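Novice: Line by line, the protein sequences give chains A and B. Just so we're aligned, residue 1 is where the first sequence starts under this note's numbering, counting upward by one. Just so we're aligned, residue 1 is where the second sequence starts under this note's numbering, counting upward by one.
Think of the hints as simulated: they come from the structure by calculation, not from any bench. Incorrect hints may appear among the rest.
Only pairs whose alpha carbons sit at most 20 Å apart, straight line, appear in this in silico DMTMM-like list of lysine to aspartate or glutamate [stated by the list, open to error]:
| no. | chain 1 | residue 1 | chain 2 | residue 2 |
| --- | --- | --- | --- | --- |
| 1 | B | K601 | A | E145 |
| 2 | B | K601 | A | D41 |
| 3 | B | K601 | A | D214 |
| 4 | B | K607 | A | D174 |
| 5 | B | K611 | A | E179 |
| 6 | B | K611 | A | D174 |
| 7 | B | K601 | A | D174 |
| 8 | B | K607 | A | E145 |
Please read these numbers as outputs of a predicted model, since none were measured by experiment.
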Amino acid sequence: MPPSPVPPRTLHQTLAGHVGPTHVVRYAKGAGKYVMSGGQDRTVRLWKPQTGSQIQVYKGHGYEVYGLSVAHDNAKFASSGGDRSVFIWDVKTGQTIRRIPGHASKINTVEFNYDASVVASGSYDATVRLWDLRATSRQAIQVLEEARDAIQTIYVGPTQIISGSVDGHVRTYDLRMGELRADCLGPPVTSVLPTKDSQTILACTLDSTVRLMDMETGKLLNSFTSHKTESYRCRACFDAEERNVLCGDEEGRIWAWDLVDGKPLGPGTTGPPKVHEKVVLWIEHHVSDNELVSASADGTVKVWRGDSDR
Amino acid sequence: MHSGQLKRKLADLGIEGNNPKLTESFCLIGTPLPPLEKSKDTGEFVPLWKQEVRDEQGRRRLHGAFTGGFSAGYFNTVGSKEGWAPSTFVSSRSDRASKKQARPEDFMDEEDLEAARDDRKLVDTHEEMDLLGGTQAELGTRGGDVQNDSIASALESMIPSTKDSAGSLLLRKMGWKPGQGIGPRIPYKQLILQDQQSSSRPFEPPKDVDEDDPANKHLYAPRDTKVLLFQRKDNSFGLGYNPGLNLQQSVDGRTTSVSDNGPNISAGFGLGALNDADDDDVDVYDGGSRGGGRRLAFDEEEKDQDDHIVMGRPGQASQQETLNRRPASSSTFSDGRPLLPGFVLSDKPVSEDTWFPVPEIPKDWTPDPRRVWSQDVKQEDKENVPAKPSFVHPSRRGAFAVTLTADERGAALGEARLPATPKSVFDYLAPKDRERLQNLATTTSLTTVEVPDDSQAPDEALIPHTDPAVARAALSGFQPFTSNPDKQARYTSYLQSQASPGETALLPRRGQNREEFTHELREFAKSALIFKPSSGALGGRFATASIQDLGSKPKEGLYTPSVDGLREDSSVSETPKEPEEEPKRRAARLGMFGALTRETKPWAPAKLLCKRFGVKGPEVEAPPLMASGVAAEPEWKPDLSAGPPIGALGAGPSEETVAAATASFRSGPTAKKDISNIGLGDDDDQGRDVLEYTRPERDIFKAIFASDDESSEDEAETAPAATAEAAPTPSDLPESVPNNVPASIVPAHPSAAPSSAPLYEPSTSSTLGNTPVDISTFRPTFVSRSDRTKDAPSRKEQKEKDKKESKKKGKGKAILSFETDDLQIVPTRSDSPDKERRKKKRKKEKRDDGKVSEDVPMEDDDMWVEKPPPATVNTTDEPVVPCFPDTDLEQDKPTKDPHRGRKRAVDFL
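From just these sequences and the hints, can you work out the full model?
Specialist: Right, dumping it as structure tokens:
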């Protein structure tokens with residue numbers, strides 16, 4: 001086993017454009033040459049992290065933007081936020097294709113399925129709603145109402161939908177099995193992300209812990225601590241090879257742990273340096289490169305690259 | 001004219017014109033026409049106002065012109081030349097309500113109306129006159145009260161009464177007169193008898209009547225029987241009570257009516273209060289006060305006049321007579337007044353109430369209610385202190401006299417306490433027993449002590465009554481207070497006490513005051529009525545729930561937190577949650593993740609959702625499919641979930657097709673088996689396969705038959721394949737190198753550079769040969785690119801170039817896609833970025849040159865990602881690698897591929 005790659009620590013670009021906190025930043029699909037960010041300033045922005053240039057600003061939200069999801073073909077994306085409706089945008093024209101109302105409260109997260117025929121939205125109203133984008137029906141395909149508190153995160157896989165809720169549960173809806181597996185983690189769950197083999201799942205909770213759970217049995221495989229996430233949603237993610245686990249911090253640090261031994265990786269012994277002025281609200285690793293984007297409440301999106309390998 | 005001639009002739013004959021016979025009128029009916037001569041125009045001068053207009057026949061015309069009538073004005077018609085015209089039809093449909101019944105008056109003119117009015121008057125007066133007698137008679141038959149009031153009767157006579165009935169008319173014809181009785185005439189003797197009977201006078205043998213009495217010589221009509229008039233009793237007094245009378249008067253049987261005081265004074269003017277009534281003032285029409293309204297020529301009363309004078313009504317007179325006539329039974333009161341008939345004097349004297357004089361109120365006393373109230377309060381405090389008189393002058397009562405008891409006074413004086421304190425039972429007990437009793441008392445003190453305190457008031461009166469039968473039924477019926485066992489127990493005890501009265505005594509609960517207790521009992525009574533089991537057929541159909549509803553009950557009223565309540569609340573609120581939530585959370589807290597924290601339950605995904613996800617719904621899943629699927633699934637899974645989101649694959653038409661494709665390729669020798677299985681089991685895949693199979697055919701046809709200019713978007717998709725064939729010019733190459741990607745990496749790609757070109761050819765050739773032949777073995781689904789490439793060589797190079805052009809056009813639409821690196825210009829979207837396009841094209845060409853397989857999907861990855869070039873399969877050792885020809889897909893590989901060779905493909909983009 002080769003040593004785990006060094007997490008990207010070199011600041012490549014700072015994408016400053018949002019006014020107020022940036023809640024979410026997502027890579028485009030495919031090669032991930034672009035990132036989209038949504039923030040408190042009710043805009044969604046399209047960036048090219050390579051150059052740090054802002055390509056497009058999507059204005060249309062009446063409230064802050066909490067969730068973003070880019071379609072498989074990068075032709076459209078979905079955004080959600082305080083508007084209580086999911087916005088489907090056309091990337092090229094910058095116009096909303098569809099606005100899907102239906103949630104009773106702000107929508108924390110949206111996620112397309114693999115071919116963008118369904119979009120799932122998780123809301124503060126404790127429901128996950130699955131919307132059909134092929135048909136023009138105004139009704140949701142299905143409403144997942146099992147959660148007892150706000151939905152913070154959704155992952156839509158090919159055969160399953162995973163939701164993380166403030167009630168401390170990670171719920172896995174298996175379409176094939178017709179089964180709902182609810183794993184109780186205790187503290188509110190702010191992000192869920194399965195590994196590519198769908199065997200394990202990475203969940204970030206508000207007890208300053210990132211947990212790696214076994215999806216089959218629900219057992220805890222590893223837990224990553226020593227950072228601080230207690231009151232803000234932050235996302236934990238894997239690096240491209242799924243060797244490391246990365247997570248933001250409320251002190252503006254970006255932590256990295258080795259997946260297997262759970263030790264924090266970093267330049268310093270006392271923890272990674274503070275790279276954002278405020279709490280890190282979202283991080284996402286590039287799908288293949290050793291590149292990382294982080295969104296923070298200080299209104300910036302920073303692009304990090306590993307300096308070693310290329 | 002004729003009459004004049006006649007007169008002259010007559011005069012000639014010697015007959016005088018004055019002879020009345022000449023003027024005799026033979027007109028028997030109606031008014032005779034005016035004499036004809038008058039209508040003749042004699043030519044004399046007549047003043048204008050005397051002139052009359054007459055027609056040829058001598059009739060007077062225009063007579064109404066000045067007298068105002070229109071009735072014969074115009075052509076002797078009603079007012080118009082045409083005469084009277086019937087009213088035109090007016091539809092009454094809309095206003096039925098306002099439509100009036102047509103009366104004869106509507107069709108009458110004024111004269112008619114006047115005549116009618118006169119007629120009516122005549123009739124009325126006639127009737128009135130006829131009825132005068134009758135009405136009076138009727139008045140006479142009315143009750144006495146009418147007779148009392150002369151004015152009223154007089155007035156009443158003025159009012160025309162109803163017509164006589166047929167019966168009275170008949171009677172009248174038979175000789176009856178109003179006011180008389182019916183029957184044959186009777187002699188005077190009988191008449192007197194009748195009078196006596198009718199006057200309710202006690203029977204008195206008629207005095208000897210003188211036979212010679214002229215009255216005896218006639219027969220008289222019998223007396224009229226009075227109509228019994230019952231007065232409505234509309235008051236609440238006792239029977240026979242006269243409201244206006246005091247006791248004395250009613251005992252005497254007299255009313256202080258006017259008649260007592262003498263004859264009625266006629267009401268009217270001229271008699272002041274100070275004037276004495278003269279004879280003239282006596283109301284001569286007052287018939288009611290005496291004689292019963294009857295007068296005879298021979299008044300029999302006159303005979304008794306010397307015996308006794310009767311004043312007032314005959315009935316009263318008779319009463320007095322009866323009193324006088326019974327001397328035996330009669331006795332008098334002490335004051336001499338006679339006793340009422342039927343009453344006896346009592347022997348015992350009536351005990352008189354003793355009345356005490358009102359206490360003297362001191363002069364300087366002022367009312368001060370507060371003092372009284374405070375006393376009351378004090379009294380409540382110490383029950384046994386005797387109440388002091390409240391109205392005592394402070395000066396008169398000593399400072400201690402009233403307020404202090406003897407004991408207190410003694411204590412104040414320092415006297416020794418008297419030994420005679422009331423001994424209780426306890427004093428007689430042995431000290432041991434006393435202790436034991438006290439122990440007992442302390443243990444049960446709560447109940448024993450307080451109950452009598454609460455039940456000072458009579459409990460029995462407060463307990464609402466429930467029918468024993470109902471109570472018994474309710475005992476066996478629904479128990480309404482199961483959530484509150486305490487209350488339920490009290491309810492049952494109440495029911496028991498009601499079912500068998502007298503057995504159990506109901507006592508209020510501790511800490512429950514009387515009102516609450518009675519209120520609760522009332523509630524019990526009500527619920528007993530409500531919840532008694534319904535009788536009859538329905539009765540047996542209901543069963544009491546076996547599970548008691550012990551859920552938390554909302555408290556009434558304002559929530560006032562108390563320590564006890566808090567404890568209760570917390571225990572109540574937590575208990576239901578604890579069994580459900582706590583174990584999981586505790587386990588999670590302890591880190592015991594796994595079975596403890598996991599909860600699995602069935603969940604039914606919507607059908608449409610399954611369809612959209614391209615997943616078989618759980619309920620549809622067939623066993624044979626499962627068998628095949630189980631084998632295939634573990635292999636696919638990593639592939640399917642490879643990209644963080646599936647879309648990362650670069651988006652294929654559908655996930656399953658990819659999976660199926662990979663599976664089919666991977667399975668290699670066993671491909672046939674798998675394919676057949678999947679084809680049978682999975683309809684969706686089958687359908688898509690067919691669809692995709694047909695598509696390249698259309699392209700082929702287009703390529704063959706369509707003209708070069710007609711290039712559609714579909715062809716644009718095929719274009720990349722074509723570009724693969726086109727040889728890139730060396731000059732293009734440098735331009736096409738992407739800015740950010742080092743060009744050196746391109747050849748370094750392991751799989752693409754060396755192997756693709758040669759291997760590519762066989763694959764195309766094989767597909768060319770195979771497609772028509774070997775459909776079953778090789779899935780047609782994935783032929784897309786190879787088919788296109790197969791087309792390409794057949795076309796001319798010129799055609800291909802044209803297609804490239806068209807492809808560029810198509811690309812213009814997709815210019816914003818994230819895939820291409822050149823997209824920096826995207827938002828501006830220049831109209832003809834020819835250079836850019838050319839760059840792209842060249843770049844692609846160049847890439848195609850290097851590795852065809854990777855480039856193609858990049859152009860239109862939506863549609864054609866899945867197809868892995870068969871060639872690469874053969875070249876690389878691992879079958880997995882070639883499955884992902886797409887550049888995007890290759891990012892996923894690193895997880896599986898230790899060499900991480902694919903990254904180079906990524907770098908290209």
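Novice: A separate judgement is required for each hint: does it hold in the structure or not?
Specialist: How the hints compare with the structure:
| no. | hint | verdict |
| --- | --- | --- |
| 1 | B:K601 - A:E145 | holds (14 Å) |
| 2 | B:K601 - A:D41 | violated (41 Å) |
| 3 | B:K601 - A:D214 | holds (18 Å) |
| 4 | B:K607 - A:D174 | holds (13 Å) |
| 5 | B:K611 - A:E179 | holds (17 Å) |
| 6 | B:K611 - A:D174 | holds (14 Å) |
| 7 | B:K601 - A:D174 | holds (11 Å) |
| 8 | B:K607 - A:E145 | holds (17 Å) |
Comparing the model with each earlier hint shows a violation of hint 2 alone; every other hint is respected.
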